Amino acid sequence: MGFYFAQLLTGLANASSLFLIASGLSIIFGVTRIVNFAHGSFYMVGAYLAYTLVTTLNAGIFGFWFSVIAAALIVGVVGLLIELTILRRIYRAPELFQLVATFGVVLIFQDGTLAIWGAEDLLGPRAPGLDRAVRIMGEPIPEYDLALICIGPAVLLGIWLLFHKTRWGVLVRAATQDREMVAALGVNQAWLFSAAFVLGAFLAGLGGALQIPREAASLQMDLSIIGEAFVVVVIGGMGSVTGAFVAAVLISVLNAFAILIFPQISIVLPFIVMAVVLIVRPYGLFGKPGSEHGGTEEPDQPLRLMSNQASMILFAAVAMLALSPVVVAEFTTILLVDVMVATLFAVSLHFMMGIGGMVSFGHAAYFGVGAYAAALSVKLLGFSMIPAMIFGPIAAAAAALFFGWFCVRLSGVYLAMLTMAAAQILWGVTFQWQDFTGGDDGILGVWPAKWASSDQVYFYIAFVLCIGGIWFLRRVAHSPFGYTLRGIRDSKTRAEAIGVDTKFHQWMGFTLAGALAGLAGVIFAFSKGSVFPDSLGIAQSIDGLIMVLLGGIHALAGPIFGAVAFVMIEDWVTRLEYWRFIFGGIILVVVLLAPDGIAGGVQRLLRAVMPTKKGDAA
Amino acid sequence: MSPVLSVRNLAKSFGGIKAVQDVNFDVGKGEFLALIGPNGAGKTTCFNMLNGYLKPNTGSVKLNGKELLGTPPRKIWRLGVGRTFQITETFLSMTVLENIQMALISYHRRVFDLFSRATRLYVDEAMALLDLVNMSEQAQRACSELAYGDLKRLELAIALAHEPALLLMDEPTAGMAPSERIALMALTAEIVEREGVSVVFTEHDMDVVFAHSHRILVLNRGELIAEGTGEEIRANATVQEVYLGGGTLFEEELAHA
Amino acid sequence: MSLIRRTVLGALATLPLVGFAPQAAQAADEIVIGEVNSYTRLPAFTEPYKKGWQLAVEQINAAGGIDGKQLKVISRDDTGDPATAIRIAEELVSKEGAALIFGTFLSNIGLAVADFAKQKEVLFLASEPLSDAIVWSKGNKYTYRLRPSTHMQAAMLAEQAAKLDAVKWATIAPNYAYGQDAVKAFKSELSRLRPDVEFVTEQWPPVFKIDAGSTVRALEASKPDAIFNVTFGGDLAKFVREGSLRFLFEDRAVASLLTGEPEYLQPLGNETPEGWIVTGYPGTDITTDSHAAFAKAYIDMFGEEPKTGSIVGYNSILSIAAALTKAGSTDTAALLAAMEGLEVADSPTGPFMFRAADHQSTMGAYVGKTSLVDGQPKLVDWNYADGSSYLPSEEEAAKLRPAD
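Protein sequences, first through last, are from chains A, B and C. Residue numbering for the first sequence is 586 to 1203, as defined by this note's numbering. Residue numbering for the second sequence is -5 to 251, as defined by this note's numbering. Residue numbering for the third sequence is 955 to 1358, as defined by this note's numbering.
Chain A extracted, bound-state conformation (with noise of 0.2 Å):
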């Protein structure tokens, strides 16, 4: 009995620290709808400065807690700097394209914290006065465990308090639930906008200032903790605090009794229970409709067919694509075997967000399938090259029939976090199951057959899947097909109205857009000669995202533009230094110059060169 009360008391402890900075995304998300992934990174620097200002003053209990606090407030400045010169510019892009500048303050924040601190984990002291553990019903229990489960609750009192009883904070509800409302009172939503991301960033430093007496302070903690503090929020429901702290508090418990009967599921557990309380509660615990989606945005331009001019330029894009092998270095090939692999996989993530409306956070998992299904094709099932690839995609659309089927019953922030669930079950299930997958070792040798090892004629293969899956798809939208997923995305009431099943044709959508993301996932696969759960992981599916939505969602030439861009970048900054931090730059550069993407940009560009013509919107 005792045994089980402690471990009850372990699970809240962890619920604590998980609320606290699922609190705070919660909160900035509700407001500002900004999906913060720099929120791992403001966690992280808040463990980093309480290490610095406790090791510092080393005074005893108040010097503790004050470096806490001070080192909350200081991530909570450094949040308000973000917001004023970056996010408040951009509050206008497409929705979700602020993740973009989170995700180029994320690589910065990497490749500072090094810069600032040094490799090394940093294992602070225990916290004085907290650094022994008590007995309770025999079993000991750490004492900071303990104020940490006091903690968790009366920061939640703490925010409803601010949101209950001041003026700021019924604001802050009020804009949660409806942005425009607040801006028809005539409340500076600029300013309500900076204190809701404040608070968020003070939360997360908070998170990560209190993790010192349990952990060191590394350069893992920013990704390691972001992916669970979004499934905290999502089952809590997106804005919602107290969902948070119910949803930290499952999670955390759970985990606490499920690693004592199958250890193994501690990987995916948070995602299985993600995956179950949105297949059960579209909105979360606590969400109300109408919680999944950013602000209003300007609607799409409609779909033009391309100029004859433009046409020119495209068909000559491709022709000198074609002819590359010639001219250029053999390493170059492969750097182009890579861009059209990229580009192949954001047209089929874009095919999914930017015609379907369906965003994915979690695209990769069909790249995986695709390649994964292709290597153990040839590996258990001795299939040929020619037949791995065909069975590759085939195996991709069956997963993405099978989670597209739960998926499509939501929208909007839920069904990207649905969509990354499955991904994260994937993983999670490639990485650990080592006979079957491989595990962490992969599949190797999954070479091209002897016709095609040579740089040159694998390119060509690749050159004609990619380039032709590319084409493939850009037809779809330009069909019926294509056109009805638009008009969904547009009304579903108005397409249910002229006879349309809005679930069957998004699910058919999404299984589409899992097929052709499988075939660049077996390309990959061939390219590399093996395969490893990397190819489903979270990191895979957020560089989609970014090429995307950094290329321009609302044209079918955005994933193009942003795919290529994205590796070439990536291909070229990684020799330097400090890359992250030059790359993070890039990003921000370009998110600030082009907030309707690459491709806007570049529309922009065009107009401005020729002034008489119209852009065309391709």
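Hints were generated in silico from the structure; no laboratory data involved. The structure displayed is predicted, hence computed values, not measured ones. The beta-carbon is built from N, C-alpha and C at its ideal position, and this holds for glycine as well. Wrong hints could be hidden among the right ones.
DSS-like mimics (lysine-lysine), calculated; alpha carbons at most 25 Å apart, straight line [to be verified]: (1) A:K1077 x B:K69; (2) C:K1049 x C:K1074; (3) C:K1163 x C:K1138; (4) C:K1074 x C:K1280; (5) C:K1138 x C:K1280; (6) B:K12 x A:K1077; (7) C:K1353 x A:K964; (8) C:K1005 x C:K1163; (9) C:K1353 x C:K1004; (10) C:K1323 x C:K1177; (11) A:K873 x A:K750; (12) C:K1026 x A:K1035; (13) A:K1035 x A:K964; (14) C:K1353 x C:K1323; (15) A:K1035 x C:K1250; (16) A:K1035 x C:K1074; (17) C:K1095 x C:K1049; (18) C:K1138 x C:K1177; (19) C:K1117 x A:K964; (20) B:K69 x B:K49; (21) C:K1026 x C:K1141; (22) C:K1138 x A:K964; (23) C:K1004 x C:K1049; (24) C:K1095 x A:K964; (25) A:K1088 x B:K23; (26) C:K1138 x C:K1117; (27) B:K12 x A:K1088; (28) B:K49 x A:K873; (29) C:K1049 x C:K1122; (30) C:K1026 x C:K1250.
Far from chain A, by Cβ distances over 10 Å, these chain C residues were calculated [as the list claims (entries may be wrong)]: (31) I1014; (32) R1030; (33) N1129; (34) D1239; (35) D1300.
Following the hints, position chains B and C against chain A.
Coordinates of chains B and C only, in the frame set by chain A:
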């Protein structure tokens, strides 16, 4: 002649509140039927049951003898019911013409066609429909640029695309200037007459109601309290009392929107 | 600010080099070697490693190079992604004209590059990755590995563990290939030496996401006599802190893989547990002449003490230099022939050789106990465990490899 639509014993309650009880009426071919009543009288509830968005507790709704209840909205559309919305629902990222083409593509069951160019399908038919609502000149404009009145007309054209037997129009003139209202309803009436379509509409603007409807149904507290021509309804004492007694004047209704 | 300026200027300077045209062949008087590692993903481990090989390159070049040719290492960051690592390896070989490739830390990247080496027929010296698969189940003709593998280090610990009275063992390892391999190797080695031991529980926390409190409690619940630990980095710090808070390590022996390496040990600071049996590297406490010379040169050059990575980086270049000298050419066939049974007689850690049968080097590790000396974590009572004693015989090892 048998009615196009026949509604029998329709009833719906939310919790303990009876939103609609025991409503019966028929709509004849080519008939222009208005459904009116003060706010909260059950018009919208009634309407949403006709088009499949709400499930009634009891009753039956038959279109040309076919039961509609339990049928999802998209199938009701397929059976020949077109509809417009109180707040327009169109595909804002498409052109005016494309909006109509979408309805035609769906009508001809080609939404799963992956290879044709959507913009090249049914252009003539779509143009003909735009002609009906006098919008052929705006065919290539982006839907997002249209004035509200034009959106309403566009919606009307979309609703006519599958040659429906019945049009359901939920507050067709809501949000429009008074002069536009008359014009839109005149246009609707003209088309309806020419095409032989039946119409059921709800409306706040009594001028519109009296000017165009062939017959009027008055709902109050979920019950049908009167039905008849414009003249009869004006003269009806119960109706007078409901509107006057309920504190809602006809004049006040006019000022609405 | 100067950091930013310097990086931006550096960035601009390299811009023209990112050409599409093949680059001019390298100067005739140098040998280009390609190097890939996870510099941004795992700087704590890869930075000391980089310094180690830089020192060796400088020393060799100062002494006249190899047959009069200077060594030039072109080093790139793989960003922690196997696919990127392969692309870079390709570029190093075909654009930069690298004679061979070395490096990598993460096992999956090591395996990816090894497979690439096989496909492109180029020599790859896997410096740091530990996975047994690199030389055994997925070994190939073109790949050699320097650092003592998971199996070897687990065997070293099992040898010490077998001397304990402990019968009931619990294991805790990150749930992926490395942890799974380590637990498997430790179990089989210990069971071989001590058939009476039983393993009462296994904990598999996700890597870098350990729920330390709950895991500690789960271990405690099985009441083991001793614990075998494979967690590392941030997970290890959390595990140690939670474990000591909850008295998990009271009266319990712990055998812990790699924890004696300065990279893992130093961050534990004054929380360092007393008396864990670990594999690692005692740094400047090694007093052999060759190590003292190495340590002095390293400290002179970088102003800090060498870590495990430093020694691995240093020995990598020593191995490569030996191979190049023995081969007398940069031709892959000659290099492969040279690698078979290649002996590196005078390394800071003592002599070692590359076994012809399974391409594993016999470089060993130091087995000792953790302790706090003057508030600083230290490896004490250590011994050098020569790698050859913890490897299966060459004949047996050859059977573990796929036919080439």
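Hints versus structure:
1. A:K1077 x B:K69: holds (15 Å)
2. C:K1049 x C:K1074: Holds - the C-alpha atoms of K1074 of chain C and K1049 of chain C are around 14 Å apart, at most 25 Å.
3. C:K1163 x C:K1138: Holds, because 22 Å separates the two Cα atoms, which is no more than 25 Å.
4. C:K1074 x C:K1280: OK: K1074 of chain C and K1280 of chain C at ~23 Å, within 25 Å.
5. C:K1138 x C:K1280: violated (37 Å)
6. B:K12 x A:K1077: Violated: K12 of chain B and K1077 of chain A sit about 29 Å apart, past 25 Å.
7. C:K1353 x A:K964: Distance ~20 Å between K1353 of chain C and K964 of chain A Cα, so the pair holds.
8. C:K1005 x C:K1163: Violated. K1005 of chain C to K1163 of chain C sits at ~30 Å, over the 25 Å cutoff.
9. C:K1353 x C:K1004: With a Cα-Cα distance of about 34 Å, the restraint between K1353 of chain C and K1004 of chain C is violated, given a limit of 25 Å.
10. C:K1323 x C:K1177: The hint holds at about 23 Å.
11. A:K873 x A:K750: holds (22 Å)
12. C:K1026 x A:K1035: Roughly 34 Å between the alpha carbons, so the hint for K1026 of chain C and K1035 of chain A is violated.
13. A:K1035 x A:K964: The hint holds at about 16 Å.
14. C:K1353 x C:K1323: violated (34 Å)
15. A:K1035 x C:K1250: Given pair K1035 of chain A, K1250 of chain C is violated - Cα atoms ~52 Å apart, limit 25 Å.
16. A:K1035 x C:K1074: holds (13 Å)
17. C:K1095 x C:K1049: holds (23 Å)
18. C:K1138 x C:K1177: Satisfied, since the Cα-Cα distance of roughly 21 Å is no more than 25 Å.
19. C:K1117 x A:K964: Judged against 25 Å, a Cα distance of about 42 Å means the pair is violated.
20. B:K69 x B:K49: Within the cut-off at roughly 15 Å; holds.
21. C:K1026 x C:K1141: violated (43 Å)
22. C:K1138 x A:K964: holds (24 Å)
23. C:K1004 x C:K1049: The given pair, whose Cα atoms are some 22 Å apart, holds under the 25 Å limit.
24. C:K1095 x A:K964: Distance of about 20 Å is within 25 Å: holds.
25. A:K1088 x B:K23: violated (34 Å)
26. C:K1138 x C:K1117: holds (19 Å)
27. B:K12 x A:K1088: Outside the cut-off at roughly 32 Å; violated.
28. B:K49 x A:K873: Since the Cα atoms of K49 of chain B and K873 of chain A sit roughly 23 Å apart, the hinted pair holds (cutoff 25 Å).
29. C:K1049 x C:K1122: violated (56 Å)
30. C:K1026 x C:K1250: OK: K1026 of chain C and K1250 of chain C at ~23 Å, within 25 Å.
31. I1014: holds (24 Å)
32. R1030: R1030 of chain C not clear of chain A: closest Cβ-Cβ about 7 Å, inside 10 Å.
33. N1129: violated (5 Å)
34. D1239: holds (20 Å)
35. D1300: Fine: 30 Å to the nearest Cβ keeps D1300 of chain C off the interface.
In summary, the numbered hints that this structure violates are 5, 6, 8, 9, 12, 14, 15, 19, 21, 25, 27, 29, 32, 33.
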